[in-house]
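A.B. asks: Sequence:
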Amino acid sequence: MNNDLQFDFTVDKSTKTVFITREFAAELPLVWDAFTKPELLDRWVAPKPFVSRTKYMDFKVGGRRFYAMVSPEGQERWSVQEYTSITPKTNFKMYSAFADQDENRELPGSEWNYDFSQQNGVTKVAISIYNESLARLEKMIEMGFKEGFAMSVDNLEKLLSDSK
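With numbering that gives the first Met the number 0 applied, the sequence shown corresponds to residues 0 to 163, in that order.
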């Protein structure tokens, strides 16, 4: 891992928002694809020993990704992500909620905003996650979201370096 690359993770309980900034030593089109193509997402987005399994994904405004985080014992934790805005290679937004295996959402959910930029061969991804309730934000943090996210982006970094 390149230790010169930025990784910031901030929780603001007053606004019920998590702010994440992460840099990758990779070209923007490759990083964009890693966040928007299910065959790539499933290779990095779950912290080990969990795996991600996308049942379907339609990356377009109004489209959805329905996927599960699967434990080594086979337990599935389903989520639905609905894409609300897409500006290719620079930004996308989605609404995310946990769900059961039949896609019935557990509300409240969260609004995710992803911004992508590149400078000198380094791609920066800035993410804000607004939670509809403070309780949901606190549950995310208690469930180890920061540690899990850090492990996942380390998986992504390896995937990106293997793709060069």
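In short, the hints are calculated from the structure, not lab data.
We put the beta carbon where it would ideally sit given N, CA and C, even for glycine.
Some hints here could point you the wrong way.
Unchecked claim - In silico SDA-like cross-links for lysine to any residue, where the CA-CA straight-line distance does not exceed 25 Å:
no.: 1; residue 1: Lys92; residue 2: Met150
no.: 2; residue 1: Lys36; residue 2: Gly73
no.: 3; residue 1: Lys123; residue 2: Pro37
no.: 4; residue 1: Lys88; residue 2: Glu156
no.: 5; residue 1: Lys59; residue 2: Asp101
To be verified - The calculated label-pair distances, taken between Cβ atoms and stated as ranges, are:
no.: 6; residue 1: Gly73; residue 2: Gly120; range: 32 to 42 Å
no.: 7; residue 1: Glu137; residue 2: Lys59; range: 29 to 39 Å
no.: 8; residue 1: Gly61; residue 2: Glu141; range: 25 to 35 Å
no.: 9; residue 1: Met142; residue 2: Leu29; range: 25 to 35 Å
no.: 10; residue 1: Gly61; residue 2: Gly120; range: 29 to 39 Å
no.: 11; residue 1: Ser84; residue 2: Asp41; range: 15 to 25 Å
no.: 12; residue 1: Asp57; residue 2: Lys12; range: 26 to 36 Å
no.: 13; residue 1: Pro28; residue 2: Lys157; range: 10 to 20 Å
no.: 14; residue 1: Pro87; residue 2: Ser162; range: 18 to 28 Å
A.B. asks: For each hint given before, does the structure comply? Return the numbers of the non-compliant ones in rising order.
C.D. replies: none
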